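Asker: Take a look at the letters that make up each chain.
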Amino acid sequence: MWKFLLPFAAFVVLVVLFAVGLNPNRDIHALPSPLIGKAAPRFSLTDVLDPSRSVSNASLQGQVYVLNVWGTWCVECRVEHPALLAIAKQHIVPIIGVDWSIDHGEEERARASRLLQQYGNPYSAVAFDEDGRAVIDWGVTGAPETFLVDGAGRIVYKFISPLTDEVWQREFLPRIAAARRAGA
Amino acid sequence: MRCIRAVWLPSRLAALIVFGVLASAPGARALDANEQIDANGQLENPVLQARFENIAKNLRCLVCQNESVADSNAQLAGDLRRQVRDMLVAGRSDDEIYRFMTDRYGEFVRFNPPLEAKTLLIWGAPFILLVIGAGVVFRVVRQRSRMPLDDEPSPGPL
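Chains V and U, in that order, give the protein sequences. Counting from 1, one number per residue, gives the positions in the first sequence under this note's numbering. Counting from 1, one number per residue, gives the positions in the second sequence under this note's numbering.
No wet-lab data here; the hints were simulated from the structure. It cannot be assumed that every hint is accurate.
To spell it out: a stretch of chain U is covered by chain V in this simulated footprint if at least three of its residues, at any positions, have a beta carbon under 8 Å from a beta carbon of chain V; those stretches are [said to hold, decoys possible]:
#	region
1	61-75
2	78-87
3	95-106
Residues from chain V shown here face chain U by an in silico Cβ test under 8 Å; the list is partial [unchecked claim]:
#	residue
4	Leu31
5	Pro34
6	Leu35
7	Ile102
8	Gly132
9	Val135
10	Ile136
11	Asp137
12	Gly139
13	Gly142
All values derive from a computational prediction rather than experimental measurement. Glycine included, each C-beta is placed from N, C-alpha and C at the ideal position.
Modelling step: build the complete structure from the supplied sequences, incorporating the hints.
Answerer: Here's what the structure looks like:
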C-alpha cells in the first residue's frame with residue numbers, strides 16, 4: 001500500500017509545485033507591498049514647476065487621490081503619459097506626481113517641467129523628490145508606480161508598470177468608488 | 001564590552017559616562033552623512049563602515065532582486081545605500097535599519113530573514129528534508145540487508 005501511495009503523493013506535490021512555479025502568467029518579480037492598508041507616508045517637497053511652492057500630501061487628507069511616481073529618465077513613464085493625460089481629463093481624482101530625480105540634481109527639475117510643457121501635464125501637482133527620500137518611504141522599487149490613497153489617508157492599492165486605460169477601469173475605478181462609499 | 005566595564009566603575013562615574021554619551025548623541029545626529037564620507041565613498045568611522053557593508057550585503061536590491069544593495073548599480077540601490085549610511089551616522093541600530101527597510105519593502109528585502117513563526121518553514125525546510133532523506137536511506141538499507149546476499153556464486157546454466 002505505502003509502496004504505491006508514497007511515490008504517488010510525492011508526484012502530486014511536485015505537480016502542484018511545478019504548476020505554481022512554472023505558470024507563465026505568474027509575475028515572479030511581483031512583490032506585495034507591506035504598505036497596502038497602512039497610512040500613506042507624509043511628504044513635503046517642492047513643486048517641479050515652481051520651486052517656491054511646496055507640494056505635500058497632508059493637504060489632501062479626506063480626499064481620495066492617486067500618486068504617480070515617474071521620472072524623465074524612465075522610458076516606461078513616457079509610455080503611460082498619454083493614458084495619464086486621458087485619465088486626468090475625466091477629473092475623477094486628483095493625480096499627484098512625484099518626479100524621482102535619478103542624478104539628485106536640478107537638471108531633472110528642468111527636464112521634467114520641459115517635458116510636461118511639451119507633452120501636457122496630467123498632474124494637479126508634481127512634487128520634486130530630489131534625493132529619493134519620499135520614494136523610499138513609499139516603498140517604490142522603480143518607475144512608474146501608481147498608488148491609490150483613500151479618504152482616511154490609507155494606501156488602498158499599488159500598481160507597478162505603465163498605467164493603461166484598461167488597468168484604470170479594471171483596478172482603479174471600482175476601488176475609487178468603494179473608497180468614496182466608505183468615506184461618505 | 002562597555003557595559004561590563006561600567007559595572008566595575010563607581011556608580012557616579014558610570015552616570016557621568018552615560019550622560020556624556022547621551023549628550024554627544026544629538027551632536028552626532030546633526031551631522032550629515034556626507035560630511036563623514038571620505039574620498040573613496042567610505043564612512044570615516046571604520047566600525048560604521050563595517051556595519052554598513054554588512055547591512056548592504058544583507059539587503060536585496062528590489063530592482064534586480066538577485067543582487068544585494070551592496071552590489072547593485074541600480075538607482076534605487078544607490079538611494080538605499082545612502083539611506084543606510086545616513087541612519088548609521090544618526091546612531092540608529094542595525095535592527096532599526098532592517099525594520100525601516102522591511103516596513104517599506106517587506107521581508108523580501110532581507111537576504112537573511114530572522115527566525116520567526118512565519119519564516120519557520122524557510123529555516124526548517126533543510127532539516128525536514130534531511131530527516132525525510134535519512135528515513136528513506138534507513139529504509140532502503142534495512143530492506144537490502146534483509147535480502148539474501150547475491151554475491152554467492154550462483155549455479156551457472158547447465
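Asker: For each hint, tell me whether it holds in the structure or not.
Answerer: Hint-by-hint comparison with the structure:
1. With 4 residues bearing a CB less than 8 Å from a CB of chain V, the region 61-75 of chain U meets the requirement of three and the coverage assertion stands.
2. Residues of the region 78-87 of chain U with a Cβ under 8 Å from some Cβ of chain V number 4, which satisfies the need for three, so the listed coverage holds.
3. Only residues whose beta carbon comes within less than 8 Å of a beta carbon in chain V count, and the region 95-106 of chain U has 5; three or more means the coverage holds.
4. Because the beta carbon of V:Leu31 sits about 6 Å from the nearest beta carbon in chain U, less than 8 Å, this interface hint is met.
5. Here the hint on V:Pro34 is kept, as its CB sits about 4 Å from the closest CB of chain U, short of 8 Å.
6. Contact between V:Leu35 and chain U, as hinted, is supported at the beta carbon level, the nearest pair being about 7 Å apart and thus within 8 Å.
7. Checking V:Ile102 against chain U: minimum C-beta separation of about 5 Å stays under 8 Å; hint holds.
8. Interface restraint check for V:Gly132: the shortest CB-CB distance to chain U comes to about 4 Å, inside 8 Å, so the restraint holds.
9. Satisfaction of the interface hint for V:Val135 is found here, the shortest Cβ-Cβ separation to chain U being roughly 7 Å, below the 8 Å cut-off.
10. Satisfaction of the interface hint for V:Ile136 is found here, the shortest Cβ-Cβ separation to chain U being roughly 6 Å, below the 8 Å cut-off.
11. With a cut of 8 Å, the hint placing V:Asp137 at the interface with chain U holds, because the nearest CB-to-CB distance is about 7 Å.
12. Hint status for V:Gly139 relative to chain U: holds, with the closest Cβ pair at about 4 Å, below 8 Å.
13. With 8 Å as the threshold, the beta carbon of V:Gly142 comes within range of chain U, its nearest partner Cβ sitting at about 6 Å, so the hint holds.
Checked against the numbered hints given earlier, this structure breaks none of them.
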